[in-house]
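Since the structure of chain C is already known, use the hints to place chain A on it.
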Amino acid sequence: MAPRFEYAQAEEVRDSFARHGVRYLFIGKSGAILLGYPDTTQDADLFLEKSETNGAAAVAALRELGFDLTGPQADEIRRGKDFVQIRSGPFDLDLVFAPDGIETFDGAWQRRVEVEGFPVCHPDDIIRSKEAANRAKDRESLPRLRAFRDYWQRTRR
Amino acid sequence: MAPEPDERERREWEAEFEAAARRPLRTRLRYAFIHTYKPVLDDATYRSFDTMAEYRAWCTRELPDWLGYGPAV
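Keeping their order, the protein sequence lines are chains C and A. At position 11 of the first sequence the residue is numbered 11 (my numbering), and the sequence of numbers has no breaks. To convert a position in the second sequence, counted from 1, into my numbering, add 1000.
One or more of the hints may lead you astray.
Stated by the list, open to error - Take a look, some chain C residues computed to stay more than 12 angstroms from chain A by CB distance:
| hint | residue |
| --- | --- |
| 1 | A10 |
| 2 | G21 |
| 3 | E49 |
| 4 | T104 |
| 5 | G107 |
| 6 | R112 |
Unchecked claim - Where chain C lies over chain A, by a calculated footprint (3+ residues, C-beta under 8 angstroms):
| hint | segment |
| --- | --- |
| 7 | 1011-1017 |
| 8 | 1024-1035 |
| 9 | 1045-1058 |
| 10 | 1061-1073 |
Claimed, not checked - Simulated DEER-style distance windows between Cβ atoms:
| hint | chain 1 | residue 1 | chain 2 | residue 2 | range |
| --- | --- | --- | --- | --- | --- |
| 11 | A | G1068 | C | T155 | 24 to 32 angstroms |
| 12 | C | W109 | A | T1051 | 15 to 23 angstroms |
| 13 | C | T70 | A | A1015 | 31 to 39 angstroms |
| 14 | A | W1058 | C | T70 | 14 to 22 angstroms |
| 15 | A | E1007 | C | E64 | 46 to 54 angstroms |
| 16 | A | R1008 | C | E64 | 45 to 53 angstroms |
| 17 | C | A8 | A | L1067 | 25 to 33 angstroms |
| 18 | A | P1064 | C | A132 | 22 to 30 angstroms |
| 19 | A | E1007 | C | P3 | 37 to 45 angstroms |
| 20 | A | R1061 | C | E116 | 38 to 46 angstroms |
| 21 | A | R1010 | C | K137 | 31 to 39 angstroms |
| 22 | A | A1053 | C | E11 | 29 to 37 angstroms |
| 23 | A | L1067 | C | T70 | 20 to 28 angstroms |
| 24 | A | R1008 | C | D75 | 51 to 59 angstroms |
Derived by calculation from the structure, the hints in this document are not laboratory data. Glycine included, C-beta positions come from ideal geometry on N, C-alpha and C.
Bound-form chain C, shown alone (with noise of 0.2 angstroms):
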């Protein structure tokens, strides 16, 4: 089992990803909590472009960070298949290429929210996709996230 996800990995994301120029925005409660809703998760949920260059540039990106890909699970992940669940690295990492609910990476990207530099999706995409995923542990804290996310637009600077 991988170490915890800190703040100071969620850094090398950042940095390594930014090197790379890679396309990305945090998701999922991992995204909910770097927007400041209070809660617990297991593992840091990422949102990619579906591209092969910008499949290539997170193989090379989370190579860098030391996580373990053989040659086709780099090939799969520069396809872009949609749903990448990697447990050999240094921390957990869930790569999504194209969540439910969400049209189009760019139309998140243009909606995101920047944190320490740390690209987020915007709350109403995150709450989008979990209530398109319709999973019973989503259904029970989307009252919660609706209610962070009323507070987040009312406090927001």
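Leaving out everything else, chain A in the frame of chain C:
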């Protein structure tokens, strides 16, 4: 679907949001990411799915219900 919160619950959440907003990001992340073993899900170092529908179907088929990855009823 989870029931909508009552007024008392809303006030408690607001207090939690305000307390979180006072903490720096570094501190928030320190307490946000936890690690507990999830059966099946954590038993492979790598998995990939061509479509999200395939991933959702795999979760429903393979994961214990109590993990909550299956569809909400």
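To see whether the hints hold, each was checked on the structure:
Under the 12 angstroms C-beta cut-off, the non-interface status given to A10 of chain C relative to chain A is violated; the minimum distance is some 6 angstroms. Look at G21 of chain C: its CB is around 23 angstroms from the nearest CB on chain A, clear of 12 angstroms, so calling it non-interface holds up. Distance check for E49 of chain C against chain A: the nearest CB is about 16 angstroms away, which clears 12 angstroms, and the non-interface claim stands. The non-interface label for T104 of chain C is consistent with chain A: the shortest C-beta to C-beta separation is roughly 15 angstroms, beyond 12 angstroms.
Every C-beta of chain A lies more than 12 angstroms from that of G107 of chain C, the closest at about 17 angstroms, which supports listing it as non-interface. With a cut of 12 angstroms on Cβ distances, R112 of chain C stays outside the contact zone with chain A, its closest approach being about 16 angstroms. Coverage of the segment 1011-1017 of chain A by chain C holds [criterion: at least 3 residues with CB-CB distance below 8 angstroms; count 4]. Proximity of the segment 1024-1035 of chain A to chain C, defined as three or more residues with a beta carbon under 8 angstroms from a beta carbon of that chain, is established by the 10 residues found.
Given as covered by chain C, the segment 1045-1058 of chain A passes the check, having 11 residues with a CB less than 8 angstroms from a CB of that chain where 3 are the minimum. Restraint check on the segment 1061-1073 of chain A versus chain C: 8 residues with Cβ-Cβ distances below 8 angstroms, three needed, restraint holds. The given range of 24 to 32 angstroms is respected by G1068 of chain A and T155 of chain C, whose C-beta atoms sit roughly 30 angstroms from each other. For W109 of chain C and T1051 of chain A, the hinted distance range of 15 to 23 angstroms is satisfied, since their beta carbons lie about 22 angstroms from each other.
A hinted range of 31 to 39 angstroms is violated for the C-beta pair T70 of chain C and A1015 of chain A, which are about 48 angstroms apart. At about 20 angstroms, the beta-carbon gap between W1058 of chain A and T70 of chain C stays in the expected band of 14 to 22 angstroms. Between E1007 of chain A and E64 of chain C the CB atoms are about 50 angstroms apart, so this pair conforms to the stated range of 46 to 54 angstroms. The beta-carbon spacing between R1008 of chain A and E64 of chain C, approximately 49 angstroms, falls within the hinted interval of 45 to 53 angstroms.
At about 28 angstroms, the CB distance of A8 of chain C to L1067 of chain A agrees with the hint of 25 to 33 angstroms. Distance hint check: the CB atoms of P1064 of chain A and A132 of chain C are about 23 angstroms apart, consistent with the given range 22 to 30 angstroms. The hinted window of 37 to 45 angstroms between E1007 of chain A and P3 of chain C holds, with their beta carbons roughly 41 angstroms apart. Take R1061 of chain A and E116 of chain C: their Cβ atoms lie about 39 angstroms apart, and the range 38 to 46 angstroms holds.
The beta-carbon spacing between R1010 of chain A and K137 of chain C, approximately 21 angstroms, falls outside the hinted interval of 31 to 39 angstroms. With their beta carbons about 34 angstroms apart, A1053 of chain A and E11 of chain C fall inside the hinted range of 29 to 37 angstroms. Separated by about 27 angstroms at the C-beta atoms, L1067 of chain A and T70 of chain C satisfy the suggested range of 20 to 28 angstroms. Checking the proposed 51 to 59 angstroms range against R1008 of chain A and D75 of chain C shows it holds: the Cβ atoms sit about 53 angstroms from each other.
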